[in-house]
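**Q** Chains A and B are the protein sequences, given in the same order.
Counting with my numbering, you get residues 1 to 428 for the letters of the first sequence.
Counting with my numbering, you get residues 429 to 985 for the letters of the second sequence.
Rather than coming from a laboratory, the hints here were simulated on the basis of the structure.
One should not assume that every hint holds.
[As the list claims (entries may be wrong)] Calculated lysine-lysine pairs in the PhoX-like style (CA-CA distance at most 25 Å, straight line): (1) B/Lys-555 - A/Lys-293; (2) A/Lys-299 - A/Lys-329; (3) B/Lys-590 - A/Lys-293; (4) A/Lys-328 - A/Lys-346; (5) A/Lys-96 - A/Lys-110; (6) A/Lys-306 - B/Lys-555; (7) A/Lys-271 - B/Lys-631; (8) B/Lys-556 - A/Lys-293; (9) B/Lys-687 - A/Lys-221; (10) B/Lys-559 - A/Lys-306; (11) A/Lys-223 - B/Lys-477; (12) A/Lys-224 - B/Lys-524; (13) A/Lys-271 - B/Lys-590; (14) A/Lys-217 - B/Lys-687; (15) B/Lys-524 - A/Lys-221; (16) A/Lys-299 - B/Lys-971; (17) A/Lys-293 - B/Lys-559; (18) A/Lys-96 - A/Lys-61; (19) A/Lys-224 - B/Lys-631; (20) A/Lys-216 - A/Lys-180; (21) A/Lys-62 - A/Lys-346; (22) A/Lys-62 - A/Lys-224; (23) B/Lys-560 - B/Lys-524; (24) B/Lys-477 - B/Lys-560; (25) B/Lys-477 - B/Lys-492.
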Amino acid sequence: MKIKKLVSGMALAMGASMVSYGALAADTIKVGVLHSLSGTMAISETTLKDTVLMMVEEQNKKGGLLGKKLEAVVVDPASNWPLFAEKARELLTKDKVDVIFGGWTSVSRKSVLPVIEELNGLMFYPVQYEGEESSKNVFYTGAAPNQQAIPAVDYLMNELGVERWVLAGTDYVYPRTTNKILEAYLKAKGVADSDIMINYTPFGHSDWQSIVSDVKKFGSKGKKTAVVSTINGDANVPFYKELGNQGISSEDIPVVAFSVGEEELSGIDTKPLVGHLAAWNYFQSVDSEANEKFITNWKTFIGNPKRVTNDPMEATYIGFNMWTQAVKKAGTTDVDAVEQAMIGQKSPNLTGGVAVMNKNHHLSKPVLIGEIQDDGQFEVVWETEGVVPGDAWSDFLPGSKDLISDWTSPIKCGNYNTVTRTCSGQNF
Amino acid sequence: MKRYLALCCCVLGLLLNPALNPAFAEADQPHSVTSTEPSPEAVVGRSPKVQMLLIELTEKSLNKAVPVLEKLEQSGGEAMLPLFRTMLGGNLYFIKASRQVVALVETASGDAFADVFTGQALPDVAKKQTKKIRVNNRLRGYLRDAIARIQLSSSDPFAREKAVRNLLSELDQPTIEAIQSARVNEPNTAVQEMMDLALAMHKLTNAALAVDQLEAIEALSGSLESEVRNLLARVSESENYEPAVNKAAASALVKIQDKVEFYAFIDQLFFGLSLGSVLLLAAIGLAITFGVMGVINMAHGEMIMLGAYTTYVVQLMLPNHIEYSLWLAIPLAFIVSGLMGVLIERGVIRFLHGRPLETLLATFGISLILQQLVRTIFSPLNRQVASPEWMSGSIEINPVLSLTLNRLYILAFALLVFFLLQLILKKTSLGLNVRAVSQNRNMARAMGVRSDWVDAMTFGLGSGIAGIAGVALSQLTNVGPNLGQAYIIDSFMVVVFGGVGNLLGTLVAAFSLGIANKFLEPVTGAVLASILVLVFIILFIQKRPKGLFPQKGRAAE
C-alpha cells in the first residue's frame with residue numbers, strides 16, 4: 001500500500017514537472033544534449049555536456065538566438081547504445097528539441113542515426129571517427145580518418161623514417177575501419193605485408209604484457225618501428241605503463257594515438273609517456289588568443305582551474321558556433337533550412353585559421369601532431385600546411401573509393417557513386 | 429630466527445660490497461672533474477665558437493637542429509654533457525632578448541634558471557623572458573647517442589656498458605675509433621665484452637677477407653643483442669659475402685635463434701604466471717565467501733575496488749611517502765573491505781541464508797550501490813595511483829629476457845597471501861570454526877560454535893583479502909568505479925574451475941588459466957584467447973561439474 005502511494009506520488013510530481021517544462025518551451029529554442037553521464041563513457045562525455053551548457057550560457061548572455069533564449073535539455077543515455085536511440089526519440093518527440101549535440105562512440109552514433117533520420121532531427125557529432133558515413137541529418141565536426149590517421153602515418157613515414165608498423169586497437173568498429181584504411185594506405189605506399197602487425201584487444205584490456213613484448217620483438221628487426229594506436233578509453237593507461245616497464249622508450253618505438261588527449265592524460269602519471277605522439281585537430285597548448293579565452297572561460301564555468309580542454313571540446317565549440325550562425329542565416333530553426341544554411345559556414349578554429357563546413361557535412365580543419373610532455377600537455381611537433389577537408393568516404397578502400405557525399409543540389413546524396421552516377425538511396 | 433636474519437644480512441652485505449664484487453670493483457676510478465674554478469665545462473661553454481653554435485641552436489627549427497648539435501659535440505666533447513642532458517630532459521630554455529641558453533632547474537621554491545655549464549643560479553631570469561628549446565624524438569635519439577659516445581669514458585662501468593650498447597645501432601667510423609681507443613684502457617670485463625662485440629660487428633661489415641669475417645662471426649655467435657641478430661641475418665642473405673661466410677652466419681643465427689626461443693618461452697611462462705597471480709588475488713577472497721560459505725557474492729569485485737580506492741586515499745594523505753604508501757595501504761584496505769564485508773553479511777546476507785537466488789540479486793544490488801557511492805565521492809573519472817620507484821622498471825636478465833618488477837612483486841605477493849590464508853584456515857581457531865561451519869552447520873552449532881559470528885568473520889576475511897587484491901591491482905590497472913566488474917567474472921571462473929570450497933584448487937586453476945591464456949594469446953589474439961578459455965571451462969564443467977579438485981566424502985554435500 002505504502003509503495004503504491006509512493007509511486008503515484010512520484011508520478012504526480014513527474015507530471016507536474018513536465019507541465020512546467022511545456023509552459024517554458026513556447027518561447028525558447030531547445031538544445032538537446034545526448035551525452036552519457038554514467039557508465040564507461042561518462043569519463044569523456046560528461047565534459048562535452050558541460051561544454052554545450054557553457055556555450056548555451058554564453059549565447060544567452062549575448063541575447064539568445066532569433067530573440068529567444070536557448071534552453072538545454074540534458075538526458076543521460078548511460079553508455080548504453082540502444083538507450084541512445086530511445087533518448088534521441090524522446091528528445092525529438094517529447095521535448096521537441098531543435099538540435100542535438102551528442103554521441104561519442106561510433107556505435108552510439110549508429111544507434112541514433114535511424115531515429116534522427118526518421119524524425120528529421122539535426123545532430124552534431126563532435127568526435128573523431130572512422131568515416132564511411134554521411135547523413136543528411138548529422139554534421140560531423142570531429143576528424144575523419146584523412147584528418148587524423150593518414151596525416152599521422154605520413155608524419156611517421158616521412159619525418160621519422162618508420163618502416164615497420166604495428167596497428168593496435170580496441171576491438172570495435174572505429175579501430176577496425178581505421179586500421180583497414182591505414183593498412184590499404186600503407187600497402188599503397190609500398191609497405192610489405194610482413195612489415196605490418198595488427199592487433200585487437202577488448203575494451204578495458206589491462207594485461208598488456210605479451211602484446212607489448214610482441215611489439216618489442218617486432219620492433220627489434222633493425223627497421224624503425226612505430227605503433228599506431230586506436231586503443232580507446234582507459235585501456236591506454238596500463239598499455240603505456242607496460243611500455244614504460246618493459247623499457248620501450250618513445251625514441252625506440254614511438255606510439256601515435258588517436259584517442260589519447262589532454263582529458264585522458266589528466267588522470268595518469270605521464271612520466272612513461274613523454275615523447276609519445278598524438279594526432280588531433282586541437283591541442284590545449286596551442287598559443288592563440290581564441291584558445292586562451294576559451295580555456296579561461298572553461299575553467300571559470302567549471303569552477304576548477306585544473307581542468308583541461310581537448311579536441312572534441314573544440315569540435316563541439318565549432319559545431320555550436322556554426323549552428324547559431326546557420327540559424328541566424330536561415331532565420332528559423334527548421335531542420336531543412338538550417339541544414340542548407342550550415343553548408344559553407346565558417347568559424348574560427350581555436351588554434352588559428354578558419355574551419356569551413358563542406359558539402360559532405362564534414363569540416364576542413366588543420367591537423368596537428370603533438371608529443372606528450374611531462375605535464376600532460378602536448379608539444380606540437382608538426383602540422384599540416386593548410387586545412388584538410390574531411391573526407392566522408394575513404395579513397396583507400398575498394399568499396400568507398402568512388403563514393404562522395406554532397407548535400408547540395410542537384411546531387412543531394414550521402415553516398416553518390418561518381419562512376420555509375422547513382423545515389424544508392426541509403427542515407428548513411 | 430634472528431640468527432638467520434643476521435646471516436642473510438651478512439650475505440647481502442657481502443654481495444653488495446663493491447670491494448668484494450668484481451663487477452663493481454673498478455667503479456672508484458678517479459675520473460670525475462675536480463672542483464677547481466673555473467671548471468673545464470665552463471671554459472669550453474664560454475668559448476666563442478660554442479657560444480655561436482648555441483645561438484644558432486636557438487634559431488634553428490626542430491628539423492635542422494641535429495647538424496648544430498653535431499658541431500657542438502665535436503667542438504665541446506665531454507664539456508657538452510650537461511648541455512645535452514638538460515636538453516634531453518626538456519629543461520633547456522633561452523632568454524629571448526640575449527639568446528643566452530639557460531637550464532630550468534626545480535628548486536624548493538619553484539622553478540628557477542641556472543647556467544647550463546656551471547650550474548650557477550641565475551636569479552634575475554624570469555620564466556616570461558625565456559622560451560623553451562623544443563625537443564622531439566629525433567633529437568632525443570641523437571642526444572642519447574651523443575651522451576653515450578661521450579660517456580664511453582664515464583667512471584661508472586654500467587654507464588660505459590650501456591653507452592656501448594646504445595652505440596651498437598650506430599657503428600660509424602668515428603664511433604668505432606672512439607670504442608677502439610676506449611677498449612685499450614677498459615678494466616671491466618663486462619664492458620670489454622660489449623666493446624669486443626661492437627668491434628666484431630664492425631669487422632664483419634667492413635673486413636675485406638673472408639677469414640676475418642669468419643673470425644668476427646665466431647665472436648658474435650652466442651650474443652643475444654638484437655643488433656647482432658639483424659646483422660647476421662643480413663650477412664647470411666647478402667651476396668657481397670662468400671658462400672662460406674653466408675653459411676657461417678646462418679648457422680650462428682640458428683644457434684642464437686634457439687636460445688632466443690628458449691628465453692621467449694620463459695618470458696611467456698612468466699606472463700602466464702603473472703596473469704595467474706592477478707587471477708589468484710582476485711579470486712581467493714571469493715574462494716572463501718563462495719567456496720567455503722556458499723554465498724554467491726556479486727559485490728566481491730567492489731570489495732577489490734574499495735581496496736584500490738583505499739590505496740588512492742592513502743597516497744592522497746601521504747603525498748611525500750609514495751614509496752611506503754603500499755605497506756600502509758595493505759592493512760588499511762584489509763580493514764576497510766573487511767568491515768564492509770561484515771556489514772553486508774550482518775545487514776543483508778544473513779537474512780537470505782539458503783536462498784541463493786535472492787542472495788545473488790541482493791549482492792548485485794549492493795555492488796551497484798557501492799559503485800555509485802564511489803562515483804559520488806570520488807567522481808566517475810579514474811583516479812591516479814602512483815607506482816613506487818621500487819616497483820617500476822624491469823630486471824634485465826639478458827637482452828631478450830627481462831622481467832617487469834611490478835609483476836614480479838605481485839606474483840610473490842599473491843603466493844604470500846595464499847599461504848597466509850592457508851595458515852589461517854588450517855592453524856587458527858577461527859579457521860577451525862570456519863571449516864566446521866562450512867562442513868556441517870548444525871553439528872557445529874551443537875558443539876557450541878557461534879555460527880552467526882563465524883559467518884560474519886568468514887565473510888569479513890574473504891572481503892578483506894579482496895581489499896588486499898585491490899591494492900595490488902591498483903598498481904596494474906585503472907582505479908575507477910568499474911574496476912571490480914572487470915574481475916568478478918574471472919574470479920567466479922577461477923573458483924568454479926578449481927573446485928568450490930578448495931583453496932588449492934583456486935591456486936592451480938588461477939595459474940593454469942593464466943598460463944593457458946598467455947600461450948594462446950600470441951596465436952589467436954587477446955579477444956579470441958579469452959573466448960577459447962571460456963569455452964574450455966564450459967566444456968570442462970560439463971564433464972566435471974565439481975571442478976578440478978572436487979570435495980570428497982561428507983563435506984561434498
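**Q** Could you tell me which of the numbered hints above are not met by this structure, giving the numbers in increasing order?
**A** As far as the earlier hints go, 2, 3, 7, 11, 12, 15, 16, 22 are violated by this structure, in ascending order.
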